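Colleague: In the order they appear, the protein sequences are chains A, B, C, D and E.
Counting from 1, one number per residue, gives the positions in the first sequence under the working numbering.
Counting from 1, one number per residue, gives the positions in the second sequence under the working numbering.
Counting from 1, one number per residue, gives the positions in the third sequence under the working numbering.
Counting from 1, one number per residue, gives the positions in the fourth sequence under the working numbering.
Counting from 1, one number per residue, gives the positions in the fifth sequence under the working numbering.
It should be emphasised that the hints constitute simulated quantities derived from the structure, not laboratory data.
Model, not experiment: these values are computed from the prediction.
Backbone N, C-alpha and C fix where the C-beta goes; we use that ideal spot for every residue, glycine too.
One thing to keep in mind: the hints can contain errors.
What the hints assert, rightly or not - Label pairs and their calculated CB-CB ranges: (1) ARG14(B) <-> GLY43(D): 20 to 30 Å; (2) GLY32(E) <-> MET61(D): 28 to 38 Å; (3) THR5(B) <-> ASP74(A): 35 to 45 Å; (4) GLY32(D) <-> THR5(B): 36 to 46 Å; (5) MET61(D) <-> GLN39(A): 18 to 28 Å.
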Amino acid sequence: MKIGTVTGSVWATRKANCLMGQTFLLIDTGCGELVAADQVGAGKGDRVLLATGTVASRYCMDAPIDAAVVAILDQEGTHVRT
Amino acid sequence: MKIGTVTGSVWATRKANCLMGQTFLLIDTGCGELVAADQVGAGKGDRVLLATGTVASRYCMDAPIDAAVVAILDQEGTHVRT
Amino acid sequence: MKIGTVTGSVWATRKANCLMGQTFLLIDTGCGELVAADQVGAGKGDRVLLATGTVASRYCMDAPIDAAVVAILDQEGTHVRT
Amino acid sequence: MKIGTVTGSVWATRKANCLMGQTFLLIDTGCGELVAADQVGAGKGDRVLLATGTVASRYCMDAPIDAAVVAILDQEGTHVRT
Amino acid sequence: MKIGTVTGSVWATRKANCLMGQTFLLIDTGCGELVAADQVGAGKGDRVLLATGTVASRYCMDAPIDAAVVAILDQEGTHVRT
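All chains should be built: construct the whole structure from the sequences, respecting the hints.
Modeller: Below, the structure is given as structure tokens:
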């Protein structure tokens, strides 16, 4: 799963009907920008975890979406199992 | 999801029967060109949102299509939640 | 969907049984070479449209194939809606 | 399947409900970092085998996950069939 | 589909139960190394054809595998239809 930072959002008046009501965020992944649907409630500056592909569509009720925010990261630490 | 700009369209007389009636647009994604089916009605110069993979096929009635225009962007602004 | 040019074909005597009878073409996509199953009848030099992933497999009767030629392009022109 | 090395883990309080109870590891794949769910029990420094895409989601009970650790490598040797 | 050359194999004692009995080969694809399950019987030095993604999983009885060897190439020649 990719990690990215929310940089803004995009708006589309003309779109597939099945996308009505979805929020689309602009995400900077460090190696390019992509758009992801958001149902978690991320805002600008949040570092988020993305699911892509069919997985994202299924998460968004089978809408034609191939990237979705599934989590907002607390921090990126290091966890060593002991 | 990728954002791209419509640069033209492609035509194919010889093709899979299940592609009959589909419109295929050339899309410049900033890092390469691809072809996407369009059922939203995008035209040259439009900035569009693309769904790729199985998601695109399902949106296009299970045709052998792996990229589809699902929205035409109004603008790319920044939306800060308050 | 990717556009590529057919540069030749590949042959495999030892293969998954479910690949029997499939034609595999070498395709130059401009950024690397890949192999795609062909049921449209493309030949060397043809510019073709490729479907990839599960979409290609489904088009090829669920064979373990992740790229397929689905159309032979007539030309790459520009189509402006008026 | 990609090979990567576990470099740490990520934590998210706000996330999709269906991700509750999953462990997410940071993985260095040599050409970038990604996050993968872990049900095998990998720890920092382990070299792991990753499954990606819908395959990973299915392995994780259809959660919105597109990368999962499916094995911890013993060693990377060379095996010649004789 | 990608073409690659078998360079060795990998071993994992700790792994998902559903991977028991699978052979995993290291494959050099020319632009990076990956691991693929092999049920065709490829050995070191063989040039092989790979299926990736859900397609590979389905070929391997729905195991959490996203790359599989599906053919061993005889030769890479050029085939012109006449």
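Colleague: Does each hint fit the structure? Answer for all of them.
Modeller: Okay, the hints, checked on the actual structure:
no. : hint                              : result
1   : ARG14(B) <-> GLY43(D): 20 to 30 Å : violated (55 Å)
2   : GLY32(E) <-> MET61(D): 28 to 38 Å : holds (30 Å)
3   : THR5(B) <-> ASP74(A): 35 to 45 Å  : holds (37 Å)
4   : GLY32(D) <-> THR5(B): 36 to 46 Å  : violated (26 Å)
5   : MET61(D) <-> GLN39(A): 18 to 28 Å : holds (19 Å)
Consistency note: the structure conflicts with the earlier hints numbered 1, 4.
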